[in-house]
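Colleague: Sequence:
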Amino acid sequence: MTDVVVVESPAKAKTINKYLGDGFTVLASFGHVRDLPPKDGSVRPDENFAMDWEADERGTRQVAAIAKALRGARHLYLATDPDREGEAISWHVRAMLEERNLLKGVDVQRVTFNEITKSAIRAAMAQPRDLDQPLIEAYLARRALDYLVGFTLSPVLWRKLPGSRSAGRVQSVALRLICEREAEIESFRSREYWTVGAEFTTPEGARFTARLTHLAGRKLEQFDLHDEAGAMAAKAAVEAGQFAVRSVERRKVRRNPPPPFTTSTLQQEASRKLGMGAQVTMRTAQQLYEGIDLGGETVGLITYMRTDGVQMAGEAIAAIRGHIGESFGAAYLPDKARIYSTRAKNAQEAHEAIRPTDVDRAPAEVARYLTDDQRRLYELIWKRSVASQMQSAELDQVIVEIADAGGAATLRATGSMIAFDGFLKLYSEGRDDTGSKDEQDEDSRMLPPMRERDPLRRGAVAAEQHFTQPPPRYSEASLVKKMEEIGIGRPSTYASILSVLRDRNYVRLEARRFIPEDRGRLVTAFLTSFFERYVDTQFTAGLEEQLDDISGGRADWRDVMAAFWQDFSHAVDQTKELKISDVINALDNDLAPHFFPARPDGGDPRVCTACGTGRLGLKLGRYGAFIGCSNYPTCQFTRRLVVDPKEEGDADTLKDGMRVLGQHPETGDEISVRRGPWGLYVQQGEPDPEDKKAKPRRATIPRGIEGDKITLDQAVGLLSLPRIIGPHPETGEMIEAGLGRFGPYVKMGAVFGSLDKDDDILTVGLNRAVDVLARKLASVRTLAPHPKDGEPVIVRKGRFGPYVQHGQVVANLPRGEAMEDVTLDAALALLAEKGKPLKPRGKAAAKKAPVKKASAKKAAAPKAAPKEAKPKAARASAKADTKESAPPRARRAAAKAG
Numbered sequence: 001m002t003d004v005v006v007v008e009s010p011a012k013a014k015t016i017n018k019y020l021g022d023g024f025t026v027l028a029s030f031g032h033v034r035d036l037p038p039k040d041g042s043v044r045p046d047e048n049f050a051m052d053w054e055a056d057e058r059g060t061r062q063v064a065a066i067a068k069a070l071r072g073a074r075h076l077y078l079a080t081d082p083d084r085e086g087e088a089i090s091w092h093v094r095a096m097l098e099e100r101n102l103l104k105g106v107d108v109q110r111v112t113f114n115e116i117t118k119s120a121i122r123a124a125m126a127q128p129r130d131l132d133q134p135l136i137e138a139y140l141a142r143r144a145l146d147y148l149v150g151f152t153l154s155p156v157l158w159r160k161l162p163g164s165r166s167a168g169r170v171q172s173v174a175l176r177l178i179c180e181r182e183a184e185i186e187s188f189r190s191r192e193y194w195t196v197g198a199e200f201t202t203p204e205g206a207r208f209t210a211r212l213t214h215l216a217g218r219k220l221e222q223f224d225l226h227d228e229a230g231a232m233a234a235k236a237a238v239e240a241g242q243f244a245v246r247s248v249e250r251r252k253v254r255r256n257p258p259p260p261f262t263t264s265t266l267q268q269e270a271s272r273k274l275g276m277g278a279q280v281t282m283r284t285a286q287q288l289y290e291g292i293d294l295g296g297e298t299v300g301l302i303t304y305m306r307t308d309g310v311q312m313a314g315e316a317i318a319a320i321r322g323h324i325g326e327s328f329g330a331a332y333l334p335d336k337a338r339i340y341s342t343r344a345k346n347a348q349e350a351h352e353a354i355r356p357t358d359v360d361r362a363p364a365e366v367a368r369y370l371t372d373d374q375r376r377l378y379e380l381i382w383k384r385s386v387a388s389q390m391q392s393a394e395l396d397q398v399i400v401e402i403a404d405a406g407g408a409a410t411l412r413a414t415g416s417m418i419a420f421d422g423f424l425k426l427y428s429e430g431r432d433d434t435g436s437k438d439e440q441d442e443d444s445r446m447l448p449p450m451r452e453r454d455p456l457r458r459g460a461v462a463a464e465q466h467f468t469q470p471p472p473r474y475s476e477a478s479l480v481k482k483m484e485e486i487g488i489g490r491p492s493t494y495a496s497i498l499s500v501l502r503d504r505n506y507v508r509l510e511a512r513r514f515i516p517e518d519r520g521r522l523v524t525a526f527l528t529s530f531f532e533r534y535v536d537t538q539f540t541a542g543l544e545e546q547l548d549d550i551s552g553g554r555a556d557w558r559d560v561m562a563a564f565w566q567d568f569s570h571a572v573d574q575t576k577e578l579k580i581s582d583v584i585n586a587l588d589n590d591l592a593p594h595f596f597p598a599r600p601d602g603g604d605p606r607v608c609t610a611c612g613t614g615r616l617g618l619k620l621g622r623y624g625a626f627i628g629c630s631n632y633p634t635c636q637f638t639r640r641l642v643v644d645p646k647e648e649g650d651a652d653t654l655k656d657g658m659r660v661l662g663q664h665p666e667t668g669d670e671i672s673v674r675r676g677p678w679g680l681y682v683q684q685g686e687p688d689p690e691d692k693k694a695k696p697r698r699a700t701i702p703r704g705i706e707g708d709k710i711t712l713d714q715a716v717g718l719l720s721l722p723r724i725i726g727p728h729p730e731t732g733e734m735i736e737a738g739l740g741r742f743g744p745y746v747k748m749g750a751v752f753g754s755l756d757k758d759d760d761i762l763t764v765g766l767n768r769a770v771d772v773l774a775r776k777l778a779s780v781r782t783l784a785p786h787p788k789d790g791e792p793v794i795v796r797k798g799r800f801g802p803y804v805q806h807g808q809v810v811a812n813l814p815r816g817e818a819m820e821d822v823t824l825d826a827a828l829a830l831l832a833e834k835g836k837p838l839k840p841r842g843k844a845a846a847k848k849a850p851v852k853k854a855s856a857k858k859a860a861a862p863k864a865a866p867k868e869a870k871p872k873a874a875r876a877s878a879k880a881d882t883k884e885s886a887p888p889r890a891r892r893a894a895a896k897a898g
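Each step along the sequence shown adds one to the number in full-length UniProt numbering, with nothing skipped, and position 34 is 34.
Just so you know, the hints here were simulated from the structure itself, not pulled from any lab data. Note that the structure is a prediction, hence the values are computed from the model and not measured. Backbone N, C-alpha and C fix where the C-beta goes; we use that ideal spot for every residue, glycine too. Since no wrong hints were added, every one of them can be taken at face value.
Listed next, the in silico BS3-like pairs over lysine-lysine satisfying Cα-Cα at most 27 Å (straight line):
1. K68 - K797
2. K776 - K747
3. K579 - K619
4. K160 - K39
5. K481 - K757
6. K118 - K14
7. K788 - K834
8. K788 - K836
9. K336 - K383
10. K252 - K425
11. K39 - K576
12. K619 - K160
Here are the computed distance ranges between Cβ atoms for each label pair:
13. T468 - F752: 51 to 57 Å
14. G807 - E730: 20 to 26 Å
15. G205 - A330: 36 to 42 Å
16. Q538 - K776: 41 to 47 Å
17. R189 - K579: 32 to 38 Å
18. T638 - F752: 40 to 46 Å
19. K219 - D567: 50 to 56 Å
20. V248 - S529: 56 to 62 Å
21. P600 - T638: 22 to 28 Å
22. G31 - D421: 40 to 46 Å
Let the hints inform the model, and build the full structure from the sequences given.
Modeller: What follows is the structure in structure tokens.
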């Protein structure tokens, strides 16, 4: 029998199976096979943090497949990803197999590899090890923490602040950063300042500019010239002087290359240079890591992409240095290899940096096998890795001091030129949000040759007005950088944290910058008012360090949990007596500058605009917070704070519920954006007054396309859905993309796969569609065409177990029979014997439901006597003793928050 290897993804399993040969069976776990059930009691602090685990249908099926493959095998190799989550998945797989007594006589080993290449896989298989228990315990502590915070704090939010969604251990801190930056911007008061610059000409006729730095012997600070009068006086002083060069300072500056990518720096640079979001970056990197078909051979192009290490393997460094020498010449190759060390505040597992698995696979050579996103990201990783081992760049910097004869004014000119480009020949880093334009242009500014005492001829003098700017809003890149700097979150969590904030409608992304929604600001204000410690960046970073101590074997995970839970549960208990009025007063006071900004005329910003006498304040209703008047019910003025994203749109362009985009290029029908009861949509033409049954073509505007920015081309594209993407590369069956009840999807025959929110339904390509359908096909088997009508006979997983389907007829499989074991003959027999028509869904089902008539006996029966009413106090006590709960969907979301 063959030995069994378990990895995480089917794409990886297929590639590794080719490398290992017929002596191994490689199976995928499809990620985690079990998790904490989203219900109270899954983590029990009173029982030394005992945890209950539950496998979903997919996890049960995958473990069953592994168990089947293990029959007669001597070895089980757990080869999941080389990080904490991968270690946890291996632990879960082993635990589920042990619970079924399926590991007797089987040697269980853990293997890890940083890249999916033949040499790396075989080297890893030759050096197996045991599971890393400290790493598993760090996972247990992190999972228990996120669960307890989500399931304990979120219900407090639901009770005390209706309309809020969830709170998470790291998610809430990231939200606080965004909200505090927005508060800084709102409270920012711009200050005026002036600068004075002059143009000069050298004796040789070369021109350059210089800026005034000293006036009347005193150095000018930023706000010394704070108005036009002062600036004009300084300008006059410069115009009155005769200038010469006082000093010339020259120096050589070496600029070293940046280290190769970690997860966070890859996300930052991909955002700055490629405009990729964190989720798109990580999904694309995953594809490059798991393997790309390069003309018949599937090869992993990059090393593992979840890491905070910057070191590279010795053989990789040697290969890169050899490539530099051959491609760029000896001048670009340092004498010694560059060795980088991690500077992260609390670096995690010691993985390699993200690098190409083979530097000889240049981006241009593999570009034809890659999608556009894959190509751009691979090129970024390849160039950064190679540049990290190249020679430093050398810059000649020059600082020239210019003064008049009387010493009344001194000006300065700075510039630099690249003496040797070094690594800059291949790669330069993207710019951050910060830094003035002068600083950013410094590398390219050159000054003419000058010597001390050279006379200069002054040209035009200009005084320029400036205003200070508020700090920039966080982009995905700058927020990830900030989180890494303060030590919260981990490489594998950054993308999911940013995604959760958007999914909860706590923030929105505009012009690639995070803007907090009112809902997010209310949640942050509530948490900082009543749970300040648990959304404090230093506390969260300290907790991350404790989790790292657990993974390093330096701390006991249960001791860390006990210390946290004691203080956290006490803080939650203190909110039980908290009144809603206390919450509203605290939030009203905290968010007053945001909700009631100062008026230009200096009047009271809280005066009701409707009645003119009432005072506006924050109120709390059944569906969340709103602004209301103190004169209610006499004055019923209200202003909503939290707007459902489905109802969002440009208020000005949709005042009458419609905005015309233009005419359809083929039919000439008017294309418009409209607001309906379920959100914004696009419409082609108008209803026919003579044919009331005929309706104009309409299409919902999906997430990712803003209603006030949608173009005519996008609207026409939505109205033309579904669209053909192309044939499946293996089956030849046509794949199409469309919009359905549950959002955008791709479809092949009877198989549907949902697209992610980052996918553009109008441009999604064949490779992405095949990837989405591959995951869906894992739960669907097409056996063969039915011998009578040629329609496919399919085996599907269902809510109550697997079943076979032919057209609209279905039949459940016998209990215990796996999807993989069903043959066409068995399926036809089941359909003939037990086949039933599919039940209609939605309104159709409701219409067909029979209406039961009350029997005469029941109609004649007298009504039962009403139960004795409980006293009011007793009812209140019973209600207080009953555990308050939130909708199941919200409770499930809270379990995953963090």
